[in-house]
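Enquirer: Single-letter residue listing:
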Amino acid sequence: ETGVTQTPRHLVMGMTNKKSLKCEQHLGHNAMYWYKQSAKKPLELMFVYNFKEQTENNSVPSRFSPECPNSSHLFLHLHTLQPEDSALYLCASSQDANRGYNEQFFGPGTRLTVL
Amino acid sequence: AQTVTQSQPEMSVQEAETVTLSCTYDTSESDYYLFWYKQPPSRQMILVIRQEAYKQQNATENRFSVNFQKAAKSFSLKISDSQLGDAAMYFCAFNDYKLSFGAGTTVTVRA
Numbered sequence: 001e002t003g004v005t006q007t008p009r010h011l012v013m014g015m016t017n018k019k020s021l022k023c024e025q026h027l028g029h030n031a032m033y034w035y036k037q038s039a040k041k042p043l044e045l046m047f048v049y050n051f052k053e054q055t056e057n058n059s060v061p062s063r064f065s066p067e068c069p070n071s072s073h074l075f076l077h078l079h080t081l082q083p084e085d086s087a088l089y090l091c092a093s094s095q096d097a098n099r100g101y102n103e104q105f106f107g108p109g110t111r112l113t114v115l
Numbered sequence: 001a002q003t004v005t006q007s008q009p010e011m012s013v014q015e016a017e018t019v020t021l022s023c024t025y026d027t028s029e030s031d032y033y034l035f036w037y038k039q040p041p042s043r044q045m046i047l048v049i050r051q052e053a054y055k056q057q058n059a060t061e062n063r064f065s066v067n068f069q070k071a072a073k074s075f076s077l078k079i080s081d082s083q084l085g086d087a088a089m090y091f092c093a094f095n096d097y098k099l100s101f102g103a104g105t106t107v108t109v110r111a
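Residue numbers (this note's numbering), protein chains in the order written: chain B, 1 to 115; chain W, 1 to 111.
For reference, chain B alone in the conformation it holds in the complex (with noise of 0.2 Å):
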């Protein structure tokens, strides 16, 4: 158990759902990312957030709006998905965003089916 939890680890929802995905950090850590992982693809950044301001959004679509309350805690929200959103949604945590040099900590994921 590296201190990151994702909840919940499968989610099936509909093209017209809202749902919120939640990532926890136990590590102390300030920053905290959310990635995509797609089959045969490298892992895309979608949001990082350092010390609960969002630093970066990667170009990612509005349907996917992130919320960060605190250093301990993640969203993402999740509204009108389409079918090639369907992917592992991966969080992580560090001790800073700016410094290059920290090790990521990465939760288990959310496995995430759009029908």
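Bear in mind the hints are in silico, worked out from the structure with no lab data behind them.
We put the CB at the ideal spot given by N, CA and C, even for glycine.
You may find that some hints are simply not true.
What the hints assert, rightly or not - Listed next, the in silico DMTMM-like pairs over lysine to aspartate or glutamate satisfying Cα-Cα at most 25 Å (straight line):
hint : chain 1 : residue 1 : chain 2 : residue 2
1    : B       : K41       : W       : E17
2    : W       : K55       : B       : E103
3    : W       : K98       : W       : E29
4    : B       : K40       : W       : D31
As the list claims (entries may be wrong) - Covered stretches of chain W (in silico footprint by chain B; criterion: 3 or more residues with CB under 8 Å from a CB of chain B, positions within the stretch not fixed):
hint : segment
5    : 61 to 69
6    : 85 to 96
7    : 99 to 110
Claimed, not checked - Reference excerpt, derived from the structure (chain B facing chain W, CB under 8 Å, subset only):
hint : residue
8    : K40
9    : K41
10   : F75
11   : P83
12   : G100
Here the structure of chain B is known, so what remains is to put chain W in place on it, guided by the hints.
Expert: Relative to the frame of chain B, chain W by itself:
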């Protein structure tokens, strides 16, 4: 745009043998950091090894070592004395001002 290329989608190695995974990257920066992460089946991704670009000495962590060739922008991972527990997907990543990952290499270990 930064890119990380892992040219080997899959690699297979006999237990106790050595396997080398390749990684190349593209950046105009001179100072950056390189990583290899391991993602076992249905388990969380963990850091295997990291390298600072300004250090010429190649990083080593037990059976894992890297061959860092800065001029060639190459960062390969060598797994020595392969074990069954090494079976996983391995991702190369680098961070100059933005962290970028490759597509991964799946390593299978034959008993």
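Enquirer: Decide, hint by hint, whether the structure agrees.
Expert: A quick look at each hint next to the structure:
For a cut-off of 25 Å, the pair hint linking K41 of chain B to E17 of chain W is broken: about 28 Å separates their Cα positions. Proposed proximity of K55 of chain W and E103 of chain B is supported: the alpha carbons are some 17 Å apart, at most 25 Å. The hinted pair formed by K98 of chain W and E29 of chain W meets the criterion: a straight-line CA distance of about 11 Å does not exceed 25 Å. A distance of roughly 29 Å separates the Cα atoms of K40 of chain B and D31 of chain W; the hinted pair therefore is violated under the 25 Å criterion.
Counting residues of the segment 61 to 69 of chain W whose CB lies closer than 8 Å to any CB of chain B gives 0, which falls below the minimum of 3, so the coverage claim is violated. Evaluation of the coverage hint for the segment 85 to 96 of chain W: fulfilled, as 4 residues show C-beta separations to chain B shorter than 8 Å, against a requirement of three. Residues of the segment 99 to 110 of chain W with a Cβ under 8 Å from some Cβ of chain B number 6, which satisfies the need for three, so the listed coverage holds. With a cut of 8 Å, the hint placing K40 of chain B at the interface with chain W holds, because the nearest CB-to-CB distance is about 6 Å.
Given hint, K41 of chain B at the interface with chain W, holds; its Cβ is 6 Å from that chain's nearest Cβ, closer than 8 Å. Here the hint on F75 of chain B is broken, as its CB sits about 19 Å from the closest CB of chain W, past 8 Å. Contact between P83 of chain B and chain W, as hinted, is not supported at the beta carbon level, the nearest pair being about 21 Å apart and thus beyond 8 Å. Satisfaction of the interface hint for G100 of chain B is found here, the shortest Cβ-Cβ separation to chain W being roughly 4 Å, below the 8 Å cut-off.
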